[in-house]
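Line order of the protein sequences matches chains A and B. Here this note's numbering is used: the first residue of the first sequence is 1, the next is one more, and so on. Here this note's numbering is used: the first residue of the second sequence is 1, the next is one more, and so on.
Treat the hints with caution; some may be incorrect.
Identical copies look the same in the list; a pair holds intra-copy or inter-copy alike.
[Unchecked claim] In silico DSBU-like links for lysine-lysine, alpha-carbon gap of 35 Å or less:
#	residue 1	residue 2
1	297	115
2	327	233
3	327	246
4	115	294
5	212	294
Derived from the structure by calculation, the hints contain no laboratory data.
Here are the chains, one letter per residue:
Number of protein chains: 2
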Amino acid sequence: MTFTIEQTDPQSQARTGTLTTDHGAIQTPIFMPVGTAGTVKAVHQRELETDINAHIILGNTYHLYLRPGLDVLRQAGGLHGFNGWQRPILTDSGGYQVYSLSNTRKIKEEGVTFKSHIDGSKHTFTPEGVMDIQRTIGADIMMAFDECTPYPCDYAYAKASMDMTHRWLDRCIRRFDETEGHYGYQQYLFPIVQGSTYPDLRRQSAETIASKERTGNAIGGLAVGEPAEDMYKTIDLVNEILPRDKPRYLMGVGTPANILEAIALGVDMFDCVMPTRNARHGLLFTTAGIINIKNEKWSRDFSPIDATLGGYASTFYSKAYLRHLFKADELLGGQIASLQNLTFYLWLVRQARAHIAAGDFVAWKNEMTTRLMVRM
Amino acid sequence: MTFTIEQTDPQSQARTGTLTTDHGAIQTPIFMPVGTAGTVKAVHQRELETDINAHIILGNTYHLYLRPGLDVLRQAGGLHGFNGWQRPILTDSGGYQVYSLSNTRKIKEEGVTFKSHIDGSKHTFTPEGVMDIQRTIGADIMMAFDECTPYPCDYAYAKASMDMTHRWLDRCIRRFDETEGHYGYQQYLFPIVQGSTYPDLRRQSAETIASKERTGNAIGGLAVGEPAEDMYKTIDLVNEILPRDKPRYLMGVGTPANILEAIALGVDMFDCVMPTRNARHGLLFTTAGIINIKNEKWSRDFSPIDATLGGYASTFYSKAYLRHLFKADELLGGQIASLQNLTFYLWLVRQARAHIAAGDFVAWKNEMTTRLMVRM
Numbered sequence: 001m002t003f004t005i006e007q008t009d010p011q012s013q014a015r016t017g018t019l020t021t022d023h024g025a026i027q028t029p030i031f032m033p034v035g036t037a038g039t040v041k042a043v044h045q046r047e048l049e050t051d052i053n054a055h056i057i058l059g060n061t062y063h064l065y066l067r068p069g070l071d072v073l074r075q076a077g078g079l080h081g082f083n084g085w086q087r088p089i090l091t092d093s094g095g096y097q098v099y100s101l102s103n104t105r106k107i108k109e110e111g112v113t114f115k116s117h118i119d120g121s122k123h124t125f126t127p128e129g130v131m132d133i134q135r136t137i138g139a140d141i142m143m144a145f146d147e148c149t150p151y152p153c154d155y156a157y158a159k160a161s162m163d164m165t166h167r168w169l170d171r172c173i174r175r176f177d178e179t180e181g182h183y184g185y186q187q188y189l190f191p192i193v194q195g196s197t198y199p200d201l202r203r204q205s206a207e208t209i210a211s212k213e214r215t216g217n218a219i220g221g222l223a224v225g226e227p228a229e230d231m232y233k234t235i236d237l238v239n240e241i242l243p244r245d246k247p248r249y250l251m252g253v254g255t256p257a258n259i260l261e262a263i264a265l266g267v268d269m270f271d272c273v274m275p276t277r278n279a280r281h282g283l284l285f286t287t288a289g290i291i292n293i294k295n296e297k298w299s300r301d302f303s304p305i306d307a308t309l310g311g312y313a314s315t316f317y318s319k320a321y322l323r324h325l326f327k328a329d330e331l332l333g334g335q336i337a338s339l340q341n342l343t344f345y346l347w348l349v350r351q352a353r354a355h356i357a358a359g360d361f362v363a364w365k366n367e368m369t370t371r372l373m374v375r376m
Numbered sequence: 001m002t003f004t005i006e007q008t009d010p011q012s013q014a015r016t017g018t019l020t021t022d023h024g025a026i027q028t029p030i031f032m033p034v035g036t037a038g039t040v041k042a043v044h045q046r047e048l049e050t051d052i053n054a055h056i057i058l059g060n061t062y063h064l065y066l067r068p069g070l071d072v073l074r075q076a077g078g079l080h081g082f083n084g085w086q087r088p089i090l091t092d093s094g095g096y097q098v099y100s101l102s103n104t105r106k107i108k109e110e111g112v113t114f115k116s117h118i119d120g121s122k123h124t125f126t127p128e129g130v131m132d133i134q135r136t137i138g139a140d141i142m143m144a145f146d147e148c149t150p151y152p153c154d155y156a157y158a159k160a161s162m163d164m165t166h167r168w169l170d171r172c173i174r175r176f177d178e179t180e181g182h183y184g185y186q187q188y189l190f191p192i193v194q195g196s197t198y199p200d201l202r203r204q205s206a207e208t209i210a211s212k213e214r215t216g217n218a219i220g221g222l223a224v225g226e227p228a229e230d231m232y233k234t235i236d237l238v239n240e241i242l243p244r245d246k247p248r249y250l251m252g253v254g255t256p257a258n259i260l261e262a263i264a265l266g267v268d269m270f271d272c273v274m275p276t277r278n279a280r281h282g283l284l285f286t287t288a289g290i291i292n293i294k295n296e297k298w299s300r301d302f303s304p305i306d307a308t309l310g311g312y313a314s315t316f317y318s319k320a321y322l323r324h325l326f327k328a329d330e331l332l333g334g335q336i337a338s339l340q341n342l343t344f345y346l347w348l349v350r351q352a353r354a355h356i357a358a359g360d361f362v363a364w365k366n367e368m369t370t371r372l373m374v375r376m
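Looking at chain A on its own, in the form it has when it is part of the complex:
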């Protein structure tokens, strides 16, 4: 994996780059659609490639481990073989879902024991086990096993949790380095900075993570309920410490405005369920602002969903038709809205890239942030 920085913005920490994997290149800043169970909900693989132009998608280790399970994935040749997606894949470590979805969980030094949300069966995730699982899934980018602390989180818990995450990281690295990918291409491990919203912990964690000198680094434990200002401060502080010549991935963030601010702070990679989840509830991100397509006001608006954005779903279907589909509970509604929102998110990061290259990123970001917050 190589990461080449192409342009840097003189007025912010924003930069453009290219991350090269055995499954192809990723142009940064990039947004990665979330494909929880090996599918980006309601979106065909060819739509991801040709309409949305996703460079890389996510898979969730917790979900894939439980279903279809590792035997099936191994026999399929990994997740790429299973779902047919031939561009890069990143998998999370499963930690976040263990904490948020499973019925009961016990966190110990050895690892986390939890019950499946599907059938109540009991499982244990350890740092070593999670490396093995991600080897079997075959993600191009694997994430270290961490604890993502909730917000608010008292200092003592945040510190103890961070220290454990760091010890887990050493175990992850050891296992990762003594194993190889199963499918003939390289995999890479990204460690994760934790430390809640405490500056000294975040600083300490960023220094620890930086010292491991892995291919790329991630910032976790944000967008869990803290004020946006705290999130931005934390990113800024962490990014001053994380090496500039390696990609920085901000996990689970966020709104279009969050993404633009984080790009300005030097983040290169993003993922979030927001575009797809909101889509299924009829909430659209468009180049003109936010639309709740279920509102009566769209019932006779026969203009395209988003002519400026372009692409099939955004220009072929009208707002009135999409509203009708949502009112009638038709599956096509969620399909169209998912295409719209993901196409928008990928457009947004492409635009950011272009404006960083053009040297007017900050001015564009400020104007765009105001525009995107308009509720139409």
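Assemble the complex: chain A is given as a structure, and chain B must be docked to it using the hints.
Same frame as chain A, but now just chain B:
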């Protein structure tokens, strides 16, 4: 509208033809995907055109009248303007849904009063009103307002109902002939043969319908629970009376085997919710037989869903992946299965057409019927 018969099968009543409308040509025999509320469930309009190659789709008058409603459809320029589908559309008369979906309904000579299944509001469908509604929807082919009798149905009820359907037909024709389409293209009215499974009633109804000399004719009231043999006998009897030089549309039928038998009896047009409804339950029609994709046996079958059928969904995705999507309740499962089943239905009628042209239709049909019934 012109209907040209191209080839006739020497061993059966099967024929190939082309039906020309202002929205393009329909090559018969044809299957018409059902787009109940202006959307073929889980399928994008471009997929209907390029993957499935549907020549014509259905809309349901009852559903479209209630939602989005006639004002919206009129302002959109009809259903074509509303959903963007530019090939032909056929609408049913709404009668079938009034009987099957609405909470209470009263059938009188004047028409049918019913309560909306959505909000309980009260509405009346009359033959004249239903013509006006279909004028506003803008279907290329409009259906006469009829009563579709249930099965079994006693003789007296079947006869009285048929007589009323015939009187309603005269009112439909009068209204249709004294009005014009709103959107600059021609619309056509197909009357419907009723009479339950009573040969004398069916004969009488077919003669009445034939005497109206409309552009095409339909057979209704079948596939409502009667034995397949009764259905085939009825079709045979009716088709001996309906003019040979006009298209014959068998409403709401059916399985692949039903369709092939009916083609042999001289039917040209079909519609049925079966391919899409079964798809959403994980039941696939394939060129090798019927598959319940939820079965454990497919969990490690990484072969394409239906390599023989061809096309994106059938060749890109594996059976194991599709099974996983259904087990995980993922929306993409229904999307893929709907593409598979509709692509299969359109392939089936295209194959029938080719074999009628080649002169070996009956032998092919018999072999195919056996093969398609295999439960894999």
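Results of checking the hints against the structure:
With identical chains, the CA atoms of residue 297 and residue 115 are at most 35 Å apart between copies only, with a shortest distance of 26 Å across copies and 45 Å within one. Taking the shortest alpha-carbon separations for residue 327 and residue 233, neither the intra-copy value of 41 Å nor the inter-copy value of 42 Å comes in at or below 35 Å. Taking the closest pair of Cα atoms, residue 327 and residue 246 never come within 35 Å of each other, the shortest separation being 46 Å inside a single copy and 39 Å across copies. Within a single copy, residue 115 and residue 294 get their C-alpha atoms only as close as 37 Å, which misses the 35 Å cut-off; across copies the closest is 24 Å, which meets it.
Taking CA atoms no more than 35 Å apart as the test, residue 212 paired with residue 294 passes in neither setting, with 49 Å inside one copy and 45 Å between copies.
Against the hints set out earlier in the document, violations occur for numbers 2, 3, 5.
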